[in-house]
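S.K.: Position 53, counted from 1, in the sequence shown is what numbering that gives the first Met the number 0 calls 52; the numbers after and before it change by one each time, with no gaps.
FYI, nobody ran anything at the bench for these hints, they're computed from the structure.
Treat the hints with care, as some may be off.
Straight-line distance between alpha carbons at most 25 Å, and here's what the computed DMTMM-like set of lysine to aspartate or glutamate pairs gives [to be verified]: (1) LYS24 <-> ASP54; (2) LYS64 <-> GLU75; (3) LYS24 <-> GLU75; (4) LYS24 <-> GLU73; (5) LYS53 <-> GLU5; (6) LYS64 <-> GLU5.
Simulated DEER-style distance windows between Cβ atoms [unchecked claim]: (7) SER4 <-> GLU75: 24 to 30 Å; (8) LYS31 <-> ASP68: 14 to 20 Å; (9) GLU30 <-> GLY66: 27 to 33 Å; (10) ASP25 <-> LYS63: 28 to 34 Å; (11) LYS53 <-> VAL28: 26 to 32 Å; (12) SER4 <-> ASP29: 15 to 21 Å; (13) LYS24 <-> SER60: 16 to 22 Å; (14) GLY17 <-> VAL56: 19 to 25 Å; (15) GLU30 <-> ASP68: 29 to 35 Å; (16) SER4 <-> LYS64: 17 to 23 Å; (17) ASP68 <-> LYS24: 25 to 31 Å; (18) HIS27 <-> GLU75: 26 to 32 Å; (19) GLU30 <-> VAL67: 18 to 24 Å; (20) GLN10 <-> GLU30: 15 to 21 Å.
On a predicted model such as this, the values are computed, not experimentally measured, just so you know.
A virtual CB, placed ideally from N, CA and C, is assigned to each residue, including glycine.
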Amino acid sequence: MFKVSELTRRQFINVLNGRRLGAIKDVHVDEKGMITAVVLHSGKRFLGIFPWGKDVVIPWSQVKKIGVDAVLVEAEEA
């Protein structure tokens, strides 16, 4: 068991290509309080300050491992 706030400190990494997907922006929760998906910042910034680009939505079923520093996901399209 963990707190959602603990996820905000971790980077999300795609295990299929080793690419860093970014940090958590939002969480989708069902009516039972279970996480169904996470929304990640696109990681792109205009002038190094303003975020831009599409956010990445990762279904919770694609989360494979939650570590101390990172969350490993298996995302085909991300």
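S.K.: Against each hint, give a clear statement of whether it holds in the structure.
M.R.: Now for the hints, and whether the structure bears them out:
1. LYS24 <-> ASP54: holds (9 Å)
2. LYS64 <-> GLU75: holds (16 Å)
3. LYS24 <-> GLU75: holds (20 Å)
4. LYS24 <-> GLU73: holds (19 Å)
5. LYS53 <-> GLU5: holds (24 Å)
6. LYS64 <-> GLU5: holds (14 Å)
7. SER4 <-> GLU75: 24 to 30 Å: holds (28 Å)
8. LYS31 <-> ASP68: 14 to 20 Å: violated (29 Å)
9. GLU30 <-> GLY66: 27 to 33 Å: holds (29 Å)
10. ASP25 <-> LYS63: 28 to 34 Å: violated (20 Å)
11. LYS53 <-> VAL28: 26 to 32 Å: Hint violated: Cβ distance 21 Å, outside 26 to 32 Å.
12. SER4 <-> ASP29: 15 to 21 Å: holds (19 Å)
13. LYS24 <-> SER60: 16 to 22 Å: holds (19 Å)
14. GLY17 <-> VAL56: 19 to 25 Å: holds (20 Å)
15. GLU30 <-> ASP68: 29 to 35 Å: holds (32 Å)
16. SER4 <-> LYS64: 17 to 23 Å: 19 Å Cβ-Cβ, so the 17 to 23 Å window holds.
17. ASP68 <-> LYS24: 25 to 31 Å: violated (18 Å)
18. HIS27 <-> GLU75: 26 to 32 Å: violated (19 Å)
19. GLU30 <-> VAL67: 18 to 24 Å: This hint is violated: roughly 31 Å between Cβ atoms.
20. GLN10 <-> GLU30: 15 to 21 Å: At roughly 29 Å between Cβ atoms, GLU30 and GLN10 fall outside 15 to 21 Å, so the hint is violated.
When each numbered hint is compared with the structure, violations occur for hints 8, 10, 11, 17, 18, 19 and 20.
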